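Undergrad: Take these sequences, add in the hints, and give me the full structure.
Chain order of the listed sequences is E and F. For the first sequence, the numbering used here begins at 1 and goes up steadily by one. For the second sequence, the numbering used here begins at 1 and goes up steadily by one.
Keep in mind that the hints were calculated from the coordinates and are not lab data. A portion of the hints provided could be inaccurate.
[Claimed, not checked] In silico lysine-lysine, DSS-like type, Cα no more than 25 Å apart, as pairs:
no.: 1; chain 1: E; residue 1: K254; chain 2: F; residue 2: K150
no.: 2; chain 1: E; residue 1: K408; chain 2: F; residue 2: K123
no.: 3; chain 1: F; residue 1: K123; chain 2: E; residue 2: K254
no.: 4; chain 1: F; residue 1: K6; chain 2: E; residue 2: K190
no.: 5; chain 1: F; residue 1: K81; chain 2: E; residue 2: K254
no.: 6; chain 1: E; residue 1: K47; chain 2: F; residue 2: K150
no.: 7; chain 1: F; residue 1: K126; chain 2: E; residue 2: K359
no.: 8; chain 1: E; residue 1: K359; chain 2: E; residue 2: K262
no.: 9; chain 1: E; residue 1: K262; chain 2: E; residue 2: K326
no.: 10; chain 1: F; residue 1: K150; chain 2: E; residue 2: K359
no.: 11; chain 1: F; residue 1: K140; chain 2: F; residue 2: K191
no.: 12; chain 1: E; residue 1: K262; chain 2: F; residue 2: K126
no.: 13; chain 1: E; residue 1: K264; chain 2: E; residue 2: K387
no.: 14; chain 1: E; residue 1: K285; chain 2: F; residue 2: K150
no.: 15; chain 1: E; residue 1: K448; chain 2: E; residue 2: K262
no.: 16; chain 1: E; residue 1: K243; chain 2: E; residue 2: K326
no.: 17; chain 1: E; residue 1: K359; chain 2: E; residue 2: K381
no.: 18; chain 1: E; residue 1: K55; chain 2: F; residue 2: K150
no.: 19; chain 1: E; residue 1: K55; chain 2: F; residue 2: K179
no.: 20; chain 1: F; residue 1: K123; chain 2: F; residue 2: K140
no.: 21; chain 1: E; residue 1: K264; chain 2: E; residue 2: K408
no.: 22; chain 1: E; residue 1: K262; chain 2: F; residue 2: K191
no.: 23; chain 1: E; residue 1: K381; chain 2: F; residue 2: K123
no.: 24; chain 1: F; residue 1: K164; chain 2: F; residue 2: K123
no.: 25; chain 1: E; residue 1: K36; chain 2: F; residue 2: K164
no.: 26; chain 1: E; residue 1: K87; chain 2: E; residue 2: K75
no.: 27; chain 1: E; residue 1: K264; chain 2: E; residue 2: K359
no.: 28; chain 1: F; residue 1: K123; chain 2: E; residue 2: K262
no.: 29; chain 1: E; residue 1: K254; chain 2: F; residue 2: K191
no.: 30; chain 1: E; residue 1: K408; chain 2: F; residue 2: K126
no.: 31; chain 1: F; residue 1: K126; chain 2: F; residue 2: K179
no.: 32; chain 1: F; residue 1: K88; chain 2: E; residue 2: K262
no.: 33; chain 1: E; residue 1: K402; chain 2: E; residue 2: K264
no.: 34; chain 1: E; residue 1: K47; chain 2: F; residue 2: K179
no.: 35; chain 1: E; residue 1: K243; chain 2: F; residue 2: K150
no.: 36; chain 1: E; residue 1: K53; chain 2: F; residue 2: K150
no.: 37; chain 1: E; residue 1: K264; chain 2: E; residue 2: K381
no.: 38; chain 1: E; residue 1: K294; chain 2: E; residue 2: K243
no.: 39; chain 1: F; residue 1: K179; chain 2: E; residue 2: K75
no.: 40; chain 1: E; residue 1: K53; chain 2: F; residue 2: K179
The model shown is predicted, which means the values in this text are computed figures rather than measured ones.
Below are the chains, spelled out letter by letter.
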Amino acid sequence: MKINWINKIKTLGLALAIIAMIPSSFTAQDGAALFKANCASCHKVLKNSTGPKLKGARALWEAEGEGEMIYEWIKNPIELVESGKSKRAGVVVNYSKSNMAAQAVTKEEMIAILDYADATPDAVPAGPAGADVLAVDGSSDASANYFLWLVVGLLVAGVVAYAALSVKRLLSSAIAEKNGEEEVVYETTKDRVNSWVYRNWRFALFLGIVIGLTLGVEGFARGYEVGTVSDYMPSQPVKYSHKLHAGEMGIDCKYCHNSAEKSKHAGIPTTNVCMNCHSTIYEGKITGTEEIAKLHVAAGFNVDERNYNYDEKGNVVEGTPIVWNKAHNMPDHVYFSHAQHVNENTGNIDCRQCHGDVKTYTLGRVSTNKEINELAKIDEKIIALEKPILTMGWCLECHNKKSVDLTKSGYYDEIHDRLKNRPDAMRRILEDDGEVSVRELGGWECAKCHY
Amino acid sequence: MRINLKYISIFTIGGMLAFTSCIKSDDSPGYEYMPDMYRSQAIEAYVDYGMVKDDETSEAALARKVTISARIPAEGSIPYKSSHAEAKLFMPYAYENTIEGYDSSATNQIPEVFLNDVEGNVKEGKRLYNIMCQHCHGMKGQGDGAVVTKFGFNPPNPYNAGLKDRTLGTIFHVITFGKNAMGSHASQLNKEERWKVAMYVRTLQHDGDFKLEELIQTSDSTKVSDSDSTIVIK
Chain E
1 MKINWINKIK
11 TLGLALAIIA
21 MIPSSFTAQD
31 GAALFKANCA
41 SCHKVLKNST
51 GPKLKGARAL
61 WEAEGEGEMI
71 YEWIKNPIEL
81 VESGKSKRAG
91 VVVNYSKSNM
101 AAQAVTKEEM
111 IAILDYADAT
121 PDAVPAGPAG
131 ADVLAVDGSS
141 DASANYFLWL
151 VVGLLVAGVV
161 AYAALSVKRL
171 LSSAIAEKNG
181 EEEVVYETTK
191 DRVNSWVYRN
201 WRFALFLGIV
211 IGLTLGVEGF
221 ARGYEVGTVS
231 DYMPSQPVKY
241 SHKLHAGEMG
251 IDCKYCHNSA
261 EKSKHAGIPT
271 TNVCMNCHST
281 IYEGKITGTE
291 EIAKLHVAAG
301 FNVDERNYNY
311 DEKGNVVEGT
321 PIVWNKAHNM
331 PDHVYFSHAQ
341 HVNENTGNID
351 CRQCHGDVKT
361 YTLGRVSTNK
371 EINELAKIDE
381 KIIALEKPIL
391 TMGWCLECHN
401 KKSVDLTKSG
411 YYDEIHDRLK
421 NRPDAMRRIL
431 EDDGEVSVRE
441 LGGWECAKCH
451 Y
Chain F
1 MRINLKYISI
11 FTIGGMLAFT
21 SCIKSDDSPG
31 YEYMPDMYRS
41 QAIEAYVDYG
51 MVKDDETSEA
61 ALARKVTISA
71 RIPAEGSIPY
81 KSSHAEAKLF
91 MPYAYENTIE
101 GYDSSATNQI
111 PEVFLNDVEG
121 NVKEGKRLYN
131 IMCQHCHGMK
141 GQGDGAVVTK
151 FGFNPPNPYN
161 AGLKDRTLGT
171 IFHVITFGKN
181 AMGSHASQLN
191 KEERWKVAMY
201 VRTLQHDGDF
211 KLEELIQTSD
221 STKVSDSDST
231 IVIK
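TA: In structure tokens:
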């Protein structure tokens with residue numbers, strides 16, 4: 001029994017060391033260390049986890065009048081259940097469908113662990129979240145709001161000025177009428193504008209140029225945005241944070257988007273992937289239980305029973321699926337495959353080449369050229385591109401710049417052999433930059449992507 | 001009355017600001033002009049079925065909207081493979097997700113095809129491990145990944161201590177069905193990849209030291225002891 005031996009040696013060594021220092025007593029720190037070494041993979045002190053919470057566990061056994069039985073339970077749970085001498089054991093064993101393994105700890109150590117658990121203070125309720133609240137409508141709108149208010153202010157001022165002028169005109173005409181003077185015939189607006197322009201032609205010309213330039217520049221800028229999607233982060237039904245999961249937790253992109261290497265689609269993770277962790281994590285630091293609860297509803301998970309909802313046939317009763325909003329959309333007339341680009345035997349492209357530094361986003365988002373070009377400066381794997389992101393020009397630009405490693409196992413063997421047999425073609429390909437680009441292997445052929 | 005230069009300027013500048021300060025809604029991808037097959041009419045993965053044929057509000061369309069397009073394959077089906085040997089790797093798994101299944105999986109033997117290129121398979125296993133496992137189990141399998149150390153997820157036992165005696169069959173079983181706080185990773189790793197990850201985990205149990213003879217020997221000599229279901233090597 002290797003595992004038991006190792007644990008025994010470890011715990012014995014620890015116990016001996018401690019006993020040597022403080023005879024026959026364990027401190028709270030020892031309890032914490034023992035808890036971490038022996039119990040933490042299934043138990044938490046304050047929360048139910050794979051096993052029930054340890055704080056107050058001893059009191060529950062004592063309430064049944066079986067205070068001593070808890071130590072027998074820890075020593076060998078199955079034996080205690082099968083012996084049938086403990087009522088509490090029969091209850092605890094039903095907590096989850098997997099059994100607790102026999103633990104190689106001495107009774108003193110058990111007491112130290114349980115003392116530590118009972119002495120741990122309840123968690124202080126978490127304060128309001130820090131700066132990075134997962135709100136979609138965040139700080140980026142501040143400047144836009146400033147402009148909006150400026151415009152509204154100017155419009156109001158304009159209306160007030162116009163109204164004041166109208167009132168003034170009405171009053172003066174009323175006075176004129178009252179005094180019996182001849183009614184002043186006002187010029188039409190057109191006449192007035194014409195005469196004004198005639199008198200102030202320099203200013204009018206200047207104004208015309210300014211307006212024309214603004215319209216032209218804005219028109220071109222907006223015109224170039226037609227049909228391109230950049231810096232786009234649609235709202236989502238669940239406020240998921242890439243920043244938290246991929247950034248701080250260091251979970252690889254391909255853990256959730258796991259079909260990226262094998263399929264056309266990178267894959268939106270199904271809820272069972274979320275449930276790999278969220279079957280034990282019910283509360284987030286920022287959004288509390290609210291967002292994770294949506295996940296549990298979709299997966300058909302009952303938090304109180306710590307298990308899925310099953311029907312009579314034993315199938316999981318799932319809730320309504322989460323309908324995520326699509327950020328990256330390819331037109332139907334073009335074929336794009338993640339597998340071809342991401343798999344290390346073919347494209348071997350870093351996810352950030354197209355999606356930017358996702359670790360800094362919250363929800364899924366279309367990146368911008370600027371951000372990716374910034375990344376290209378610090379990471380040589382990433383190629384800086386000029387054409388608007390997610391357009392055909394952008395694809396072609398990269399197909400022209402990206403070199404292909406023909407020595408990668410398998411995929412390029414055929415074309416590699418053919419090139420080796422045709423030195424003239426090889427020379428033509430290599431003479432410009434000494435590399436084989438995607439374009440030189442036919443990456444600019446229409447039918448590569450449009451078929 | 002004369003037109004005041006001031007008012008003209010104010011209106012012009014105001015109009016220009018109004019024109020340039022239009023903001024985009026967060027949920028709008030941007031301008032479109034004559035969208036050319038931008039939204040697929042064909043049924044594709046992750047495409048919202050509710051969009052089909054401009055019918056977005058009827059009861060049938062709303063029902064389509066929440067229809068899952070990605071479904072679990074029928075029970076017992078295996079992916080098409082061109083060779084018999086490859087297809088054999090994907091045959092249905094014989095062990096059940098029970099305590100008994102876990103115990104008996106310890107004697108499950110790795111398919112021999114993986115032993116032809118141990119080094120290559122372990123290397124591939126390492127790559128997959130770093131994607132699928134390291135955020136909890138840690139780079140060296142010490143149970144010290146960022147999810148555990150920074151966020152207090154249940155720490156897994158270190159491979160070279162608490163989990164040292166797990167055989168390839170057990171590791172494969174645990175990846176398939178999950179254990180304790182760990183969920184099932186069967187949807188993320190196919191059977192071939194699971195064996196490769198299991199091979200790499202075996203090297204982590206021996207601190208990166210991995211010998212082919214040892215692998216075969218340990219997988220042959222494993223047995224389940226009767227007393228307390230602890231798995232014994234040698």
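Undergrad: Quick one: which hint numbers does this structure break? Sort them smallest to largest.
TA: The structure conflicts with no hint, since it agrees with every one listed earlier.
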